[in-house]
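Got chain G; can you put chain B on it based on the hints?
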Amino acid sequence: SQTIHQWPATLVQPVGSPLSLECTVEGTSNPNLYWYRQAAGRGLQLLFYSVGIGQISSEVPQNLSASRPQDRQFILSSKKLLLSDSGFYLCAWRSQGARGEKLFFGSGTQLSVL
Amino acid sequence: SQQGEEDPQALSIQEGENATMNCSYKTSINNLQWYRQNSGRGLVHLILIRSNEREKHSGRLRVTLDTSKKSSSLLITASRAADTASYFCATVEGAQKLVFGQGTRLTINP
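Protein chains in written order, with my numbering: chain G, 21 to 134; chain B, 2 to 111.
Looking at chain G on its own, in the form it has when it is part of the complex (with noise of 0.2 Å):
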């Protein structure tokens, strides 16, 4: 069966200091992959994906950037955390083709940038 880990569960980061955080998916193959940032009581709000190795696709031009340097695994990183960067991240996954519809989440990592 599939799985999705994401790490750390928490994080306390000062502003200024860089930041990654890492996310693998075991069990599939070739997945499309996501990070998710959710600020309290929002939506989410997405923030890159990517269809294959070293393939990224950025959604809101930011302090963050994203790397796959494996087929199943996706880094979030940043050089100088901002503030603004607080939030709830989400790494999620689905197949790709047809078949490949439903995302699944990791269980996300909660940033605070002090």
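Source of the hints: derived by calculation from the structure; they are not laboratory data.
Listed below are the simulated SDA-like cross-link pairs for lysine to any residue, each with C-alpha atoms no more than 25 Å apart in a straight line:
hint : chain 1 : residue 1 : chain 2 : residue 2
1    : B       : Lys27     : G       : Ser78
2    : B       : Lys98     : G       : Arg62
3    : B       : Lys98     : G       : Gly47
4    : G       : Lys122    : G       : Gly47
5    : G       : Lys122    : B       : Asp8
6    : B       : Lys98     : B       : Asn31
7    : B       : Lys98     : G       : Gln116
8    : G       : Lys122    : B       : Arg51
9    : B       : Lys71     : B       : His58
10   : B       : Lys98     : G       : Gln75
11   : B       : Lys98     : G       : Phe108
12   : B       : Lys98     : G       : Gly74
13   : G       : Lys122    : B       : Gly95
14   : G       : Lys122    : B       : Lys98
15   : G       : Lys122    : B       : Arg55
16   : B       : Lys98     : G       : Arg114
17   : B       : Lys57     : G       : Gly117
18   : B       : Lys57     : B       : Ser29
19   : B       : Lys98     : G       : Ser106
20   : B       : Lys98     : G       : Val80
Structure of chain B alone, referenced to chain G:
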């Protein structure tokens, strides 16, 4: 971009009552999906309804879709305290992007 918009933003009902949440969207769709999120957790897929379907059932869930009005509704019957969560609709933009609404926060009071 914001494709789906849920209504109401918050809903509080007594256990055993039915809960209805609505979603409106803007562009043509192939399908519309509903997800559930418990506080501080990831989202879980509940049900998918295709554009050529008008109604779909799954257990205590009933979803309707009206493509002429670009709207969908999620009905939870005989609500339970464990149904307390946020519920989101999602649609696909282009071929790859799932875009979510702001969600409805549902509270079931015992």
